[in-house]
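Novice: Sequence:
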Amino acid sequence: MDTFLQQINELNEHQRELVSLHPFFAEHHPVVVAHESLLYIYDYSLNTEQYEWVKTVPDDLYIPDDCLSTMPVHHLDNRMCAIVTASVFENVEQQILLLHEYVHCSVYRKYNEKIMNRLQIKHKMTQLKRGTWEMHYEFPYEDENVAAGITSLLSALKSEDLQRIQAARTALFESLTEEQAEYWSWLEWNEGFARYIENRIRAHYGLEPNHVGNTAPFNHLVFYECGSEYIRLLVQEQPAYHTELEQLFDRMQVERLASLVG
4 MDTFLQQINE LNEHQRELVS LHPFFAEHHP VVVAHESLLY IYDYSLNTEQ YEWVKTVPDD
64 LYIPDDCLST MPVHHLDNRM CAIVTASVFE NVEQQILLLH EYVHCSVYRK YNEKIMNRLQ
124 IKHKMTQLKR GTWEMHYEFP YEDENVAAGI TSLLSALKSE DLQRIQAART ALFESLTEEQ
184 AEYWSWLEWN EGFARYIENR IRAHYGLEPN HVGNTAPFNH LVFYECGSEY IRLLVQEQPA
244 YHTELEQLFD RMQVERLASL VG
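In my numbering, the protein residues as written are 4 to 265.
Since the hints were made in silico from the structure, they are not lab data.
All C-beta atoms in this analysis are idealised placements derived from N, C-alpha and C, irrespective of residue type, glycine included.
Treat the hints with care, since some could be wrong.
[Claimed, not checked] Each computed DSSO-like pair below joins lysine-lysine, with the alpha-carbon atoms no more than 27 Å apart: (1) LYS132 to LYS161; (2) LYS125 to LYS113; (3) LYS113 to LYS127; (4) LYS117 to LYS132; (5) LYS127 to LYS117.
[Claimed, not checked] Derived Cβ-Cβ restraints for the label pairs, each shown as a range: (6) ASN94 to GLN250: 30 to 38 Å; (7) ASP80 to VAL264: 37 to 45 Å; (8) PRO75 to GLN97: 22 to 30 Å; (9) HIS214 to ARG167: 14 to 22 Å; (10) ARG121 to ASP63: 39 to 47 Å; (11) VAL264 to THR51: 33 to 41 Å; (12) THR6 to ALA206: 50 to 58 Å; (13) LYS127 to LEU24: 34 to 42 Å; (14) HIS223 to PRO75: 18 to 26 Å; (15) LYS113 to ARG205: 37 to 45 Å; (16) HIS77 to GLU247: 50 to 58 Å.
Generate the whole structure from the sequences, applying the supplied hints.
Specialist: And the structure:
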């Protein structure tokens, strides 16, 4: 018995009950498990309603240890896949992180053309052939003004006062260049939404929410925290944002765009 396949299909059984949390969980995505210099590739079969082994190939993607990511994989005609290592199957909390990656796959499938292609930074990074720019962009986390702005925003988010939050967001965007602000708004929406759904799953299973990224020194995980908490509050105010992600993205641009004309 292929242990990875068994574990993926066990998670698939749990996924069926999560459709009530979000319709994205009615979708299924390929899973690539990197293990001992090999890639074990699995895909969902509509005929069996189970995942099946597709192929095992040498790891030419050079996946690092404890990876949790989403990317197109040339072994599957560049389809977007969840990329993980064996550690994702260690416990329920790790398995929820795989579901987080499934959300990214669904978002990419539905919104890549509608949203990501609107970003100037995306086109610039494509021209520069910086395929990992989302993770490795030189965002000024340690700049004194930026760090203060992030701290102020995190404090405002804890207050759950939308007016205070929006004022803090405007001030933060004013401390950034236009490109940096666009980077923030993209990561905040993309990673924030996946974390927001992840925390809905955690609540479903009686687990504490994930707030990693809410303390200094800041790094890319701050986008997960700020985005998820802001999205949670926006959905409380306007429930349609839970499934209408393009409308949600546009709403989250308001303060950034205001800072450009201010």
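Novice: Taking the earlier hints as the rules, which of them does this structure contradict?
Specialist: 1, 10, 11, 12, 15, 16
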